[in-house]
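K.L.:
Sequence:
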Amino acid sequence: MLSLENDTVELLLAPAWSDIRTVIIPVLQGPCPTYEVLCTLAKCCPHLSEPSMPVAFPNDDAPLWDDHGPLSHRLRIFSSPNTMVLRIASVARFLDGMFPFLVSISGGQGWDQVESMILEACQLVRRDQQIRAGSS
Numbered sequence: 172m173l174s175l176e177n178d179t180v181e182l183l184l185a186p187a188w189s190d191i192r193t194v195i196i197p198v199l200q201g202p203c204p205t206y207e208v209l210c211t212l213a214k215c216c217p218h219l220s221e222p223s224m225p226v227a228f229p230n231d232d233a234p235l236w237d238d239h240g241p242l243s244h245r246l247r248i249f250s251s252p253n254t255m256v257l258r259i260a261s262v263a264r265f266l267d268g269m270f271p272f273l274v275s276i277s278g279g280q281g282w283d284q285v286e287s288m289i290l291e292a293c294q295l296v297r298r299d300q301q302i303r304a305g306s307s
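Take the sequence shown: its letter number 126 is residue 297 in the working numbering, and every next letter is one higher.
You can trust all of the hints, since none of them are fake.
DEER-style ranges, computed between Cβ atoms: (1) Asp-232 x Asp-178: 23 to 31 Å; (2) Lys-214 x Pro-234: 19 to 27 Å; (3) His-218 x Ser-174: 21 to 29 Å.
These are computed hints drawn from the structure, not numbers from a lab.
Keep in mind that this is a model prediction, so the values were computed, not measured.
Using N, Cα and C, we set each Cβ at its ideal position, and we do this for glycine too.
Please model the entire structure based on the sequences and the hints provided.
P.N.:
This is the structure in structure tokens:
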């Protein structure tokens, strides 16, 4: 079984995978990488459209690290198998700010709610803002 830590993704894999489109890692041995690796993947892998790998988001009330600002990565499908998410709104906002073109989000417990929040709220609000900006 594969072990995948943040440093491995950030320093070795993402820079070497600049043209990768799909990553499928269903199970990891040991702790899974944290959500910070998603920013590295977004910056280093512009063609990535379907990552499927366990990614951990914190369950406490600490704010999610978000110093990258909004990105426009064209990622369409995201899956974090065998993981649970408790902070639905925070995770939805984080993912939507980085991957505004998502159409499918899946994983363990709570990920269906993240998907609903992004597709039924975040993206619709952004679309409304664009319409308002265009009509003024």
